[in-house]
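Based on the sequences and whatever the hints tell you, model everything.
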Amino acid sequence: MSNHENAAMISHHTHSDKLGAKMGMWLFLFTEVLLFGGMFLAYAVYRYKYSNDFHLAAMELNTTIGTINTIILLTSSLTMALSIAFIQRSEKLFSILFLSSTILLALIFLINKYFEWSAKIEHGIFPRSQELLDRPNGQILFFGLYYVMTGLHALHVIIGIIILSFMLIFLIRNKITSENYIKLENSGLYWHLVDLIWIFLFPLFYLIQ
Amino acid sequence: MEKHNHQIGIMTYIIVWLSLLAFTSITVTIAGISLGKYTLFIALLIAAIKSGLVINIFMHIKFDEPIFKAFLALSGATLVVIFVLTFFDIIYR
Numbered sequence: 002m003s004n005h006e007n008a009a010m011i012s013h014h015t016h017s018d019k020l021g022a023k024m025g026m027w028l029f030l031f032t033e034v035l036l037f038g039g040m041f042l043a044y045a046v047y048r049y050k051y052s053n054d055f056h057l058a059a060m061e062l063n064t065t066i067g068t069i070n071t072i073i074l075l076t077s078s079l080t081m082a083l084s085i086a087f088i089q090r091s092e093k094l095f096s097i098l099f100l101s102s103t104i105l106l107a108l109i110f111l112i113n114k115y116f117e118w119s120a121k122i123e124h125g126i127f128p129r130s131q132e133l134l135d136r137p138n139g140q141i142l143f144f145g146l147y148y149v150m151t152g153l154h155a156l157h158v159i160i161g162i163i164i165l166s167f168m169l170i171f172l173i174r175n176k177i178t179s180e181n182y183i184k185l186e187n188s189g190l191y192w193h194l195v196d197l198i199w200i201f202l203f204p205l206f207y208l209i210q
Numbered sequence: 076m077e078k079h080n081h082q083i084g085i086m087t088y089i090i091v092w093l094s095l096l097a098f099t100s101i102t103v104t105i106a107g108i109s110l111g112k113y114t115l116f117i118a119l120l121i122a123a124i125k126s127g128l129v130i131n132i133f134m135h136i137k138f139d140e141p142i143f144k145a146f147l148a149l150s151g152a153t154l155v156v157i158f159v160l161t162f163f164d165i166i167y168r
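Chains as they are written, first to last, in my numbering: chain H, 2 to 210; chain C, 76 to 168.
FYI, nobody ran anything at the bench for these hints, they're computed from the structure.
Keep in mind it's a predicted model, so treat the numbers as computed, not measured.
Backbone N, C-alpha and C fix where the C-beta goes; we use that ideal spot for every residue, glycine too.
Any given hint might turn out to be false.
Label-pair ranges, simulated between beta-carbon atoms [what the hints assert, rightly or not]:
no.	chain 1	residue 1	chain 2	residue 2	range
1	C	Phe-116	H	Gly-39	20 to 28 Å
2	H	Thr-65	C	Ile-89	20 to 28 Å
3	H	Ser-52	C	Ile-108	12 to 20 Å
What the simulated footprint calls covered on chain C by chain H, stretch by stretch (three residues with Cβ under 8 Å from a Cβ of chain H suffice, anywhere in the stretch; the number is not a length) [what the hints assert, rightly or not]:
no.	stretch
4	91-98
5	118-124
6	129-137
7	142-148
8	157-165
Here it is in structure tokens:
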């Protein structure tokens, strides 16, 4: 019995399938791309149909806050990549430091999002509000897509914060080491995807003039 | 086992980050100038360049197994097909 357990432990140690783990993560990321892809398709079709309304409605979005959030997410992608780079080099302390920075930047992103959305809601612009229903169809669609797409993206940021917090605990408890950091790498891939989606959301919603 | 585990230099990451910030300021500046129908095209082109940097360097796809590139090409091609077919329907309806 104990022999059997030993054998199981050894095979468990030598059998960590990094390629398989990463492949699974990439396949998951493609389902995410298709999820957001469908929404970008809806956006593209309605922007084509109601381009004037989209332009008018987009003028009301706060470009400054959008730009700040872009810079925050790009920087968080850098700190994420650095966290992995330092665990590869067995610099645990730096890895912890940069992973914590990533989580902190993600939180700042959400705080900005909160202020941005509350300002919109205070102006009476939210789904099914009277102010919005009195406007032309194209503007209703624009703000509908704005809330759904940036909302789904914000949900991904929240999930990212939860995942990265677990990784931080694993890192502190030496469950993630310079020998075995595939968990951190896969979480990083997820985080970069969140950044990638924002790279497209930003010009499509905040930069229409 | 660790042999083909390509490590990217810290400086490379910082340079990529600086280029991403530079492209962001370019796209914000260009959005302020009226370029008519080219505005959207340029904004999407810059977004594509930025995502290329993130995918290749931050996500390591450039140094990873070719199978991941094939996955990526497949999902990109799927999106293109969906967009093209939908727009054929919308434009020629």
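To see whether the hints hold, each was checked on the structure:
A C-beta distance of roughly 22 Å is found between Phe-116/C and Gly-39/H, which places it inside the suggested range of 20 to 28 Å. The given range of 20 to 28 Å is respected by Thr-65/H and Ile-89/C, whose C-beta atoms sit roughly 25 Å from each other. A hinted range of 12 to 20 Å for the beta carbons of Ser-52/H and Ile-108/C is consistent with their spacing of about 18 Å. Residues of the stretch 91-98 of chain C with a Cβ under 8 Å from some Cβ of chain H number 4, which satisfies the need for three, so the listed coverage holds.
Restraint check on the stretch 118-124 of chain C versus chain H: 4 residues with Cβ-Cβ distances below 8 Å, three needed, restraint holds. Counting residues of the stretch 129-137 of chain C whose CB lies closer than 8 Å to any CB of chain H gives 5, so the stated coverage by that chain holds, three being the minimum. Counting residues of the stretch 142-148 of chain C whose C-beta lies closer than 8 Å to any C-beta of chain H gives 4; at least three are required, and the coverage claim holds. Closer than 8 Å: that is the beta-carbon criterion, and the stretch 157-165 of chain C has 5 residues meeting it against chain H, so the requirement of 3 holds.
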